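Q: Following the hints, position chains B, C and D against chain A.
Number of protein chains: 4
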Amino acid sequence: MAIAEPWCARLPAGTLAAKLDVGVLGATGMVGQQLVSLLDGHPWFRLAWLGASERSAGRRYGELPWRLPGASPEGPARRKVETLTPGRAPHLLFSALDAGVAGEAEAAFARAGHIVVSNARNHRMDPLVPLLVPEINPNHLSLLPLQRRKHGWSGALITNPNCSTVFLALALAALREFAPERLVVTTLQALSGAGYPGVTSMDAVGNVIPFIDGEEEKIESETRKVLGRFTGDGVALHPAAISAQTNRVPVVHGHLVTVAVSLRENAARDDLLAAFGNFSGRPQGLGLPSAPVHPVIYLDQPNRPQPRLDAERDRGMAVCVGRLRACPVMSWKFVLLGHNLIRGAAGAAILNAELLAAEGLVR
Amino acid sequence: MAIAEPWCARLPAGTLAAKLDVGVLGATGMVGQQLVSLLDGHPWFRLAWLGASERSAGRRYGELPWRLPGASPEGPARRKVETLTPGRAPHLLFSALDAGVAGEAEAAFARAGHIVVSNARNHRMDPLVPLLVPEINPNHLSLLPLQRRKHGWSGALITNPNCSTVFLALALAALREFAPERLVVTTLQALSGAGYPGVTSMDAVGNVIPFIDGEEEKIESETRKVLGRFTGDGVALHPAAISAQTNRVPVVHGHLVTVAVSLRENAARDDLLAAFGNFSGRPQGLGLPSAPVHPVIYLDQPNRPQPRLDAERDRGMAVCVGRLRACPVMSWKFVLLGHNLIRGAAGAAILNAELLAAEGLVR
Amino acid sequence: MAIAEPWCARLPAGTLAAKLDVGVLGATGMVGQQLVSLLDGHPWFRLAWLGASERSAGRRYGELPWRLPGASPEGPARRKVETLTPGRAPHLLFSALDAGVAGEAEAAFARAGHIVVSNARNHRMDPLVPLLVPEINPNHLSLLPLQRRKHGWSGALITNPNCSTVFLALALAALREFAPERLVVTTLQALSGAGYPGVTSMDAVGNVIPFIDGEEEKIESETRKVLGRFTGDGVALHPAAISAQTNRVPVVHGHLVTVAVSLRENAARDDLLAAFGNFSGRPQGLGLPSAPVHPVIYLDQPNRPQPRLDAERDRGMAVCVGRLRACPVMSWKFVLLGHNLIRGAAGAAILNAELLAAEGLVR
Amino acid sequence: MAIAEPWCARLPAGTLAAKLDVGVLGATGMVGQQLVSLLDGHPWFRLAWLGASERSAGRRYGELPWRLPGASPEGPARRKVETLTPGRAPHLLFSALDAGVAGEAEAAFARAGHIVVSNARNHRMDPLVPLLVPEINPNHLSLLPLQRRKHGWSGALITNPNCSTVFLALALAALREFAPERLVVTTLQALSGAGYPGVTSMDAVGNVIPFIDGEEEKIESETRKVLGRFTGDGVALHPAAISAQTNRVPVVHGHLVTVAVSLRENAARDDLLAAFGNFSGRPQGLGLPSAPVHPVIYLDQPNRPQPRLDAERDRGMAVCVGRLRACPVMSWKFVLLGHNLIRGAAGAAILNAELLAAEGLVR
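Chains as they are written, first to last, in the working numbering: chain A, 1 to 363; chain B, 1001 to 1363; chain C, 2001 to 2363; chain D, 3001 to 3363.
Isolated chain A, as found in the complex (with noise of 0.2 angstroms):
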């Protein structure tokens, strides 16, 4: 990639001198903490710096409500929560914030100079902002030159997808070759996507909920975005068309799809299998600290994968494939899952810094 530009010192790939510090935008709600655990520990990142809303700033983190198992990790309970002002926040930075506040918070940070790599919806189709799973678009990093001269910022803003999205996104990466054309893809996600205090237990319990607001349309046109082809001053869109119907069901961590897929090419199951076995990108060839060893997991066994058996292989950050057959109606059927708080957002957000950190996109 030609994409190193004089604010920012490539590193030598894969090795960093001294642990870059981080902060973390929305560091209270469910994918912020999460952030702040995977973060706990990494061995490239230190966690220096947490911002949150005017509510929670001004508090020690440890104070406020923690979602996840166990306490809070104990330096970030420690420290005190910021506001969301550019300034004295570390160069790099995760944003988890809400949508309601990421569009322009994210922007003003950018703008400042920091390097926003975020989990929020605001600007994943922004033109100019890459919408990046490192194992399929890594070159949608060249888009950042262009966003700092058209935005005119100093940093830059890299964004990844929707939860749901990034597990399509692996599972047709991995079928590249095979053209998919059509899919009908149907959603059956898990509460914790909703963060806190996300969907009321009447509704939840023991039911079904058909609808989840605005997801059908990000998984619809985010995947094209993510499997798009970079064109030296943008991202053709990839022309796969795709329908979506998502769900909620009674399931803590771990979203499950039922994938009916079209593909261009002929194939024979075995030539499917070994796409997903051997699928693999930059993270695994550049030993990025967060990557799954094999981004796409193939179950053969005929009730895999599950949610509460399989989404948190490879520490939560590969996604599991089973069930694939061939399809009466399109070309073959499968069953996909992924963790949506690690692979789907949080780890997702963590794997792009790694990547830019190795490509010395951070200093």
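If you're looking for bench data, these hints aren't it; they were derived computationally from the structure.
Keep in mind that the hints are not guaranteed to be accurate.
[Said to hold, decoys possible] The list that follows gives simulated cross-link-like pairs (lysine to any residue, SDA-like), each with its CA atoms no further than 20 angstroms apart:
(1) Lys1218/B <-> Ala71/A
(2) Lys1218/B <-> Lys218/A
(3) Lys2218/C <-> Trp3332/D
(4) Lys218/A <-> Leu1324/B
(5) Lys150/A <-> Lys1218/B
(6) Lys2218/C <-> Arg3325/D
Since we're looking at a predicted model, the values are computed, not measured.
A: What follows is chains B, C and D alone, placed relative to chain A:
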């Protein structure tokens, strides 16, 4: 229908001089208990006989475990459970037998002169056995004379489809004028559909199992028979191509189905809404006791239907549709819900029997 | 009872010339909706008025979210929601107001001449307000003349206890002759008891929350008032010492209570079983429409009562007891279950109002 | 301890020259799998043998269904499952056998010279068998010479208590100086405690089952043995009277217990908090690998402990206490939580074996 035969005295449709005695084969399972519950106080039928496997035969029905809420109905509770031997049982029998024994037992009862209205899967795809959904294919009862002749039975055997198939077939029948051609469906099925003991709680709680043995094949084949055309000497399967993916979710009752369908005929959304809302059939025309006022209810709220809130609409005999919207891949997509134990099993069989009674096919 | 007063025309018990118009304060919450549902088709009462906070007032009731299964009843759905202002509302009002507003609003309606039958906690422990469970303490209605005089109200205020208290008090009342002295109880309470939105699903699914704010105090104090003795000018609390631990479990409806109780009087197990089975009170004597045939149902099976199977016994108005056995620490232990929204809230209020009507205390 | 015997070479406590080979009896059940999982990578023990019933014997362990998340550990997966025959198995064996076979099989292995560290219930109340919780009663190991002599075994048998008993006994041991006299406890137990397949989902989802066969008796008796005094030739049961009510709730892992306890000695709340916080025992002193830093963790938040958030504290080896408050009937009440598969079963057995190893009682 010209299907009256010497073996049945046609009664005036919709009126019965006295209640008909009926029996239940397989009265101890989940569907059998639901049959017993629905037959308690039925206006046309009097539950006069309970049959079950050797393990239960000889005991009072009320001594056996009752899995439905409350206590078992008092009348049946006092009755002794009989063995599965034709002869002393009433002419009209419901069957909720396990597939392991239903095949031979049901044939034996039909051979011995009984009218067997079955929920078991064994004979559903027999070309001579009606796979009956009274709103859709009452004329498939014309198979009965052929069935009697070819099988040499003095009785008859009528089946209802698999639970998810009933719901899907009703929705498609409502859209028949628009010529459904291809369907991609995903089911989210309730635990009670697996019977008792069924799914273990360690697999079910907070989890999804993306596999139900044999279920996808049933949906893909049975739906085409239900919607098929009676040709004079058989049923020509409907030409639609159907792809199903089936999942077990931690819901007690109510199967939800996401449907993406391509229609040969163009249709505006209002046309389809009208088709759902106006759909009606012979049970409604005859005023059968278990007939829902509207077999298909369209729900306008964006997050409906939901199993916990909508499965029991019209005593569990209506199916609910919601979220009708254009599909980027097929023509339309929507969500469908039905009560698996009622409209999908016990209630389906009872409605079938009510049609037989109204048509004078039982005595 | 010598509690007839000029302000109420005593009607012949158990008969009403015409249906009484009634209203519901707080008709939009979970208990309010349950009241509306139970009053739809009630033989004595006609729902003629719906009141709610400013946020909902002025809208058609049917436009507001309905949280119970199915659709809201048609009659109420067409009605406009009124503000919480005394005057045009019917004489007899049910209150399901939030505790935040119930205190003042209910007093204002009682002052203005309405009979307020409340489920709210605010006035329950007011020495002049009956905490009524009609099978137990109908004579506490004798507080009303005192209440009117001291508070200067032309109407009246009657309350029902907290849900778990109703169930516990009914079980203890059945055992009254054996003189319960000390109780250690633990509740496993359903989600619907927290209202809507209530408990978030991330806290509820696959989890237990061992804390319900204020609940233990209510059980420990309200039970003693319900079982207390009317002294002529007040209610002397029952002397029993009660210790409660309350938990929220992922159950939709039905609170289960484990009870360990020491009795002053020796009793054989059969004596206690007889006491439960024979327990009856004024609602049964008067044949009140919502009265359960047996207020307490003892279930013999070793693993009952269970919320999903037993909470709706006798339309949710009976409580179930099971597993009575000797206790190594107290005298006896047993398990208790009731439907929190019905016998524990809306149904309790309606039964209270039916007693008032039968006693001629409303017009 | 003067319990060293010729049959065991005492090793320096806390150090092992090389890993000890160990085996698992009953390796295919839920607790057996948890043992295999915890032993994978254990610093002192090397899993060298897997035994199971005839049904599984002879197959590769990895071919058998694995019920825990992810895949079975690679080493054990390659191993062949052996029959339950003494002889070729390692000296030290863990037993997770079903009660149906554990009684005879464990005795046979102990007779043949093996040290059997069992989780099964069969021999727990045998007066010569230590019911060991290493923080509480390590001196009960002094029963072993008696056991060998009277039973004529060249090996030995050590048991850990029932899951809920471990948690209760740890909490009571922490309060020992205040002399607990009477306890009323109610458990809310997780599904995994019933093994696999265990509880059917129709009984579990959205429900509570107020009955667990034999569980109350175990809690009431085993707790008194664990806390009992070694008398030189046996264990005198602790005199406390204990009353337990046990319930199954839809939680995957983690048993919650409400405890009301009367103490003979007066105590201020701070005294009790200090007693919980300071509680420690021999595993902590010896630095056993599986020993929790603090066996009892007191959680200050008013709504804790919760199974989903707290069961895995300190790798599932600590128990959590919360909500300590004065009790109107007994002296104090509080809430207690432990991980049933770890501290309550497999982890308990491993900690027991670590104590044996540190004390030089295994070779």
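Q: What hint numbers does the structure not satisfy?
A: Structure breaks hints 1, 2, 5.
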